[in-house]
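> Chains A and B, in that order, give the protein sequences.
Here full-length UniProt numbering is used: the first residue of the first sequence is 1, the next is one more, and so on.
Here full-length UniProt numbering is used: the first residue of the second sequence is 1, the next is one more, and so on.
Watch out, some of these pointers could steer you wrong.
Same chains, same names: a pair is fine if it fits in one copy or spans any two.
[Unchecked claim] 20 Å max Cα-Cα, derived SDA-like pairs, lysine to any residue: (1) K189 with R106; (2) K57 with W320; (3) K53 with E358; (4) K105 with A341; (5) K74 with A341; (6) K297 with R284; (7) K26 with L328; (8) K297 with A111; (9) K105 with R342; (10) K159 with E210; (11) K322 with E102.
For the record, the hints were derived by calculation from the structure and aren't laboratory data.
There are 2 protein chains.
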Amino acid sequence: MSREELEKKAITSLLSIASAWYDQMKAGEIPSISLPSRTKYNIEYDDASEVWKYGDKESLRNAASAKSATHLLKMAYVIGFIKQQLRENRSSTLREMYYISEGWKRAKFAAQDESNYLIEDLEILSDVPREGFHLHPEENGASIYGPMRIREETRRGMKTIHCQDDVGQAGYTIPNSVENIEFVDHDAKFVIAIETGGMYDRLIENGFDEEHNAILVHLKGQPARSTRRMLNRMSMTWDLPILVFTDGDPWSYRIYGSVAYGAIKSAHMSELLATPKAQFLGLRPSDIRDYNLPSDKLTDKDVEALRSELTDPRFATDYWKKEINLQLEMNLKSEQQAFAARGLDFVTKTYLPARLAEMGILKR
Amino acid sequence: MSREELEKKAITSLLSIASAWYDQMKAGEIPSISLPSRTKYNIEYDDASEVWKYGDKESLRNAASAKSATHLLKMAYVIGFIKQQLRENRSSTLREMYYISEGWKRAKFAAQDESNYLIEDLEILSDVPREGFHLHPEENGASIYGPMRIREETRRGMKTIHCQDDVGQAGYTIPNSVENIEFVDHDAKFVIAIETGGMYDRLIENGFDEEHNAILVHLKGQPARSTRRMLNRMSMTWDLPILVFTDGDPWSYRIYGSVAYGAIKSAHMSELLATPKAQFLGLRPSDIRDYNLPSDKLTDKDVEALRSELTDPRFATDYWKKEINLQLEMNLKSEQQAFAARGLDFVTKTYLPARLAEMGILKR
């Protein structure tokens with residue numbers, strides 16, 4: 001869907017929410033909305049799109065109580081705000097919208113969590129991502145370095161950028177709205193999405209991108225929405241293998257989970273934000289054992305997070321059960337930069353070639 | 001100093017530390033090092049360079065105890081590691097060096113704080129910034145958007161980049177080592193260094209860079225070392241006014257302090273990292289009052305931080321005393337995005353032009 005189509009769909013869908021309330025009131029009914037329940041117990045695997053989505057559990061919100069009526073009032077104000085913003089071709093951050101609500105009297109938000117949550121409601125109701133509302137988050141996108149060329153629509157016109165030749169050593173920064181990017185061409189065999197800046201820099205310094213025709217993406221910890229959208233589009237547009245390389249701890253598996261399966265709180269956007277073909281490269285608990293990496297003991301919170309992953313439908317595979325149970329048994333975790341204990345070239349000369357061959361990405 | 005000269009100085013200075021130990025031992029003395037004490041009670045204003053530096057208080061460390069001897073042993077290992085790294089033209093992160101010490105037996109670091117602190121010791125002893133050792137931090141530099149052109153030496157050759165015309169909407173990302181940048185030319189009247197991504201995006205979207213020939217720098221909260229080095233070089237090379245625009249709370253004044261005066265823990269590098277001519281634009285406590293901005297009450301931690309600033313020599317001016325005392329009296333703080341409560345254009349059309357005129361940067 002082009003940017004223009006997305007914006008048109010946003011306006012149409014949002015206004016139809018308001019006109020449904022109008023119809024309800026005209027018919028003497030109490031205005032209401034119905035939304036899927038957003039917990040890990042209400043996400044289901046969708047075979048067609050290969051992503052996890054919300055299931056059938058719904059919660060109804062009607063204006064019969066003061067609290068719910070205020071919620072609908074806030075939604076009405078937000079719809080009005082988005083309509084005006086799209087008409088004037090402006091955009092704003094979620095934080096700005098929160099402050100703008102200062103002028104909305106009883107519809108003023110009490111905290112930013114509340115306004116963020118309401119925007120998610122509107123994404124679900126309209127089936128349009130918030131980029132289509134011109135609302136973007138504070139967080140920056142991460143960086144890309146590798147043999148690919150994009151065209152980006154910027155305030156100062158269309159820019160064509162090759163992500164090795166036209167950028168500094170830090171790479172190309174993913175903009176807030178990935179919808180403004182066109183994918184021109186590439187000369188890559190695969191994409192490695194990397195958790196830490198130290199490892200991203202290591203692969204660039206060691207020339208891994210050149211030697212293996214690899215596109216390197218820095219996830220910067222839990223990846224921003226724009227980073228996940230970028231990986232989704234690289235996978236869909238170019239059908240490139242996407243490999244996720246993180247630390248070896250439960251928080252990092254969640255990073256992989258949010259790239260591959262989508263986050264629970266954005267399960268309604270999984271088709272746009274998740275990359276079901278993304279594969280977990282490492283660092284696996286079995287790597288900690290096989291390479292005898294420097295490691296730390298698991299904390300109580302780590303153990304709790306690992307146990308929670310064992311009951312998370314996104315990790316309900318034999319592979320993850322085996323690895324997570326191994327980790328609980330060893331009681332150890334390692335960081336991806338721990339490979340440096342074997343020398344600065346170990347990760348690019350030994351670990352990654354072996355692991356990529358095992359995964360069938362590189363020929364042995 | 002060019003990059004080559006810096007690296008040569010690094011080698012010479014570091015090896016002279018080791019040879020001094022050799023001479024001490026040959027003379028039958030216990031090897032030792034002497035370092036300035038690194039607290040806020042030992043920083044002094046240096047009139048010549050206009051920055052805060054360590055004063056005369058020194059602490060001596062000699063190998064008479066097992067603990068101090070181990071410290072010197074670790075320093076010797078690190079000097080050997082840096083020597084090899086520079087000889088091979090490699091670089092590494094502080095985190096990688098920490099893991100590399102796994103192979104150093106009794107000289108292995110117990111925690112990363114310890115290895116970071118030792119690198120700071122070596123910076124002080126050698127008078128060379130760690131970039132000269134090819135050691136870089138994990139943290140990324142921030143982004144720049146505005147009318148300026150740089151040349152950066154990258155792994156794939158020299159790149160010339162105009163920070164509006166040759167970049168995407170997210171701007172040019174400052175690399176780990178600002179020493180690899182040459183400043184080509186600019187068409188700017190001033191630089192605004194901005195704390196939050198939301199405000200940085202707001203100024204770009206509103207065309208503030210074009211309308212006022214402004215270079216916009218995103219500080220990303222407490223600025224990374226490379227961001228501070230970049231501001232220092234923009235100020236020194238081009239003599240451009242540097243204006244710091246943050247939230248209105250004690251943590252943000254510290255951001256300004258680290259840009260203008262340098263951080264206490266890097267006072268030995270102030271001439272390279274601080275920008276003494278940087279001016280605080282806002283958000284001032286008096287702005288919260290004068291513009292009646294949406295605000296929050298100060299927390300106990302905020303009050304404590306403000307009181308601590310009142311005793312910090314970097315904030316010992318009438319201006320800061322007046323503003324900080326006003327804030328304590330009002331018991332309020334605001335974020336820079338709070339201007340959105342007056343509309344999305346208020347900050348660029350009303351607040352900034354008025355404030356910049358008051359500061360003498362824009363003509364009334």
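> Now tell me, hint by hint, if it's right for this structure.
Verification of the supplied hints:
When the C-alpha separation of K189 and R106 is checked against a cutoff of 20 Å, the pair qualifies neither within a copy, at 55 Å, nor between copies, at 44 Å. Taking identical chains as interchangeable, the C-alpha atoms of K57 and W320 are never at most 20 Å apart, the minima being 27 Å within one chain and 56 Å between chains. Taking identical chains as interchangeable, the C-alpha atoms of K53 and E358 are never at most 20 Å apart, the minima being 31 Å within one chain and 54 Å between chains. Taking the closest pair of Cα atoms, K105 and A341 come within 20 Å of each other only across two copies (12 Å); inside a single copy the shortest separation is 59 Å, beyond that limit.
Taking identical chains as interchangeable, the C-alpha atoms of K74 and A341 lie at most 20 Å apart only when they sit on different chains, with a minimum of 16 Å there against 55 Å within one chain. Taking CA atoms no more than 20 Å apart as the test, K297 paired with R284 passes inside one copy only; the shortest distance there is 15 Å, against 46 Å between copies. Taking the shortest Cα distances, K26 and L328 never come within 20 Å of each other, neither inside one copy (60 Å) nor across copies (53 Å). Taking the shortest alpha-carbon separations for K297 and A111, only the inter-copy value of 14 Å comes in at or below 20 Å, while the best intra-copy value is 37 Å.
For the homomeric pair K105 and R342, the shortest alpha-carbon distance between copies (14 Å) is at most 20 Å, but the shortest distance inside one copy (61 Å) is not. For the homomeric pair K159 and E210, the shortest alpha-carbon distance between copies (17 Å) is at most 20 Å, but the shortest distance inside one copy (24 Å) is not. Taking the shortest alpha-carbon separations for K322 and E102, neither the intra-copy value of 51 Å nor the inter-copy value of 29 Å comes in at or below 20 Å.
Violation of the numbered hints given earlier is confined to hints 1, 2, 3, 7, 11; the remaining hints are satisfied by the structure.
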